[in-house]
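A.B. asks: Hey, can you work out the whole structure from these sequences and the hints?
Protein chains in written order, with the numbering used here: chain A, 1 to 297; chain B, 1 to 310.
Derived from the structure by calculation, the hints contain no laboratory data. We put the beta carbon where it would ideally sit given N, CA and C, even for glycine. Each hint should be verified, as a subset may be incorrect.
[As the list claims (entries may be wrong)] Calculated pairs, BS3-like style, for lysine-lysine (alpha carbon to alpha carbon, straight line, at most 25 Å):
#1 Lys84/B x Lys225/B
#2 Lys155/A x Lys84/B
#3 Lys215/B x Lys225/B
#4 Lys225/B x Lys123/B
#5 Lys123/B x Lys215/B
#6 Lys225/B x Lys155/A
[What the hints assert, rightly or not] Far from chain A, some chain B residues (derived; all Cβ distances over 12 Å):
#7 Met1
#8 Pro31
#9 Pro41
#10 Trp51
#11 Asp76
#12 Glu144
#13 Lys215
#14 Ala270
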Amino acid sequence: MATNSDSTPLVRPDSTILNAVKAMALLRESPVGMVGALIVLFFVLLAIFAPLVSPYDPNATMLPFAFPGTAAPDGGVFLFGTDHLGRDILSRIIWGGQRVLFYATVATISAYIVGILMGLAAGYFRGYLDEIISFFANVILSFPIMVLYVLIIAKLGASGLNIVFAVVFASSPGIMRIVRGVTMDIATRDYIAASQTRGEGPWYIMLVEILPNARSPLIVDFCLRMGYTTITIGALGFLGLGLPPPDPDWGGMITETRAFVTGGFPHMAIMPACAVSLLVLGFNLLADGLREVSLRD
Amino acid sequence: MSQLILRRVGMMILIMLVVALLLFLMNEGDPRLIARSVLGPYAQDQQLDAWIAQHGYDRPIMVRYFDWIGRVLSGDLGDSIIYKRPVNEIFWDRLGNTGILAGVTFVVMVVVALTLGVLAGMKEGSAQDRVISVFSITTTSIPEYASAVLLAWIFVFGLGWLPGTSAMTGGFNVVELILPVMVLTLYGFGYVARMTRASMAEVMTNHYIRTAMLKGLPYRHIIMKHALRNALIAPFTVIMLQINWLLSGVVVTEFAFGYKGFGALLLEAALRRDIFVIEACGLAAVFVAVFTQTIGDLGYTYLNPRIRFK
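C.D. replies: Shown next as structure tokens:
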């Protein structure tokens with residue numbers, strides 16, 4: 001019976017799924033990354049099971065100005081208290097988290113699709129196309145990002161779709177720059193020349209040969225960007241340009257209740273502030289851990 | 001070097017022109033919308049048409065664009081629709097206020113970031129390094145609007161040390177500046193600190209540092225004279241780029257504390273469609289961002305002898 005001793009080279013499994021599992025296993029080596037992954041997983045589960053775990057209807061007005069731990073009229077407890085309209089803050093944080101995570105994911109993935117396509121094209125075709133794409137990326141990146149968001153949302157109006165559009169518009173140039181750099185590097189490799197000789201079309205080469213090999217910096221950047229988009233959606237809500245009320249979103253919750261922080265009811269705004277910070281911290285730690293692990297290879 | 005400067009400045013002007021075009025198309029693309037914003041929702045169609053003809057908005061759009069660029073360059077920013085005054089009378093005060101806030105924040109942030117970055121990077125992997133890294137990644141995860149309420153809770157409600165708003169209604173007051181500066185610094189310093197740490201850690205592995213240590217030079221002397229000079233080149237560019245981020249943070253922070261700066265003005269103008277104020281704020285923001293970016297690039301080239309003497 002053949003056994004693998006340490007001296008015989010192992011055949012590296014090459015399927016994407018196995019690689020993904022391996023990457024997950026590698027993350028175990030980074031305690032920081034694990035903490036981040038657990039925080040993110042916690043919020044994702046909370047979002048998915050929001051209807052089950054949320055104690056109350058997030059928009060139901062019950063007992064205004066209740067502190068955390070107050071008994072609810074129906075016999076339950078307001079764990080995080082209620083806001084000035086008597087809505088349960090815990091429920092609003094859970095449902096708000098679902099909304100924030102949903103829009104952050106959709107917006108970031110859309111920005112990635114646009115950014116990857118532009119970056120691949122610019123880095124692979126080079127020449128005028130690259131010049132044009134890079135110039136417009138420079139123009140967009142020269143805006144202070146919040147100024148750009150305010151201008152776009154104020155012009156288009158506040159809605160989920162417009163937030164997705166604004167995020168794509170503002171962050172795809174940054175993604176494009178990363179992809180372009182990696183593409184220019186990979187395009188000089190022999191296996192690219194080989195597939196060109198085989199007669200593969202340019203988009204096949206870009207999407208099948210180049211993109212999978214560019215994934216490791218992109219995955220780290222994706223986590224960072226998820227965190228940043230979460231911040232942005234909250235900031236827009238805070239400025240009154242976010243997802244439309246009365247359904248909860250964290251930034252909106254903070255802005256509605258922040259006047260009560262100095263008035264003696266700090267929990268109303270502090271709970272959502274902690275929620276958004278914790279989720280962003282999760283994404284940042286996860287990105288940090290992934291970076292550490294990917295550098296170790 | 002002079003060729004590089006010329007190319008950079010040329011690029012800067014080109015970017016400004018395109019940004020101006022975008023702002024113009026966004027705000028003044030449709031003359032009827034402008035007339036509507038100026039005259040209000042109850043104006044009749046004939047009044048709108050008359051206003052458009054009277055102010056020359058019936059001309060082709062490119063003519064209007066270059067006309068507008070000419071007026072902006074000669075210092076005429078138009079009239080604010082909300083305030084019914086020339087934009088010039090409001091705008092520069094607000095920009096000055098933001099300049100104070102951003103300037104103080106910038107100095108505090110750079111000092112904090114460089115100090116912590118150097119302290120972390122000079123002993124990579126030490127407990128000191130770990131603590132600083134965890135602290136900076138945590139503060140970077142707390143967005144301005146969250147730290148604004150958290151700090152207000154601690155310092156305004158809890159301890160009662162600081163005022164909760166920074167509207168400066170009773171004239172300029174340094175105490176009202178503390179919270180906004182804290183909020184902006186906490187969120188912003190992490191990135192520069194991180195860069196400084198990486199750069200410092202890299203420099204510390206160099207042979208000339210080992211030589212200096214083996215030669216018996218005092219540790220403080222090695223850090224201050226030998227390591228710092230090389231370690232601070234890379235963060236310099238990042239610091240200049242940070243001004244772009246700072247302007248983003250300023251919009252949120254000024255709103256949070258009611259500070260009368262340009263970010264709050266932009267937000268108000270954007271929400272109430274005050275076209276000429278939006279344009280002035282947009283142009284100023286992008287100008288500062290592009291200008292500092294250019295300085296950052298040129299400074300990096302100048303500071304790095306490997307590029308300078310090539």
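A.B. asks: None of the hints should be skipped; say for each whether it holds.
C.D. replies: Evaluated hints:
no.	hint	result
1	Lys84/B x Lys225/B	violated, 57 Å
2	Lys155/A x Lys84/B	holds, 21 Å
3	Lys215/B x Lys225/B	holds, 14 Å
4	Lys225/B x Lys123/B	holds, 17 Å
5	Lys123/B x Lys215/B	holds, 19 Å
6	Lys225/B x Lys155/A	violated, 53 Å
7	Met1	holds, 22 Å
8	Pro31	holds, 16 Å
9	Pro41	holds, 17 Å
10	Trp51	holds, 21 Å
11	Asp76	holds, 22 Å
12	Glu144	violated, 7 Å
13	Lys215	holds, 32 Å
14	Ala270	violated, 3 Å
Hints 1, 6, 12 and 14 from the list above are not met by this structure, while the remaining hints are.
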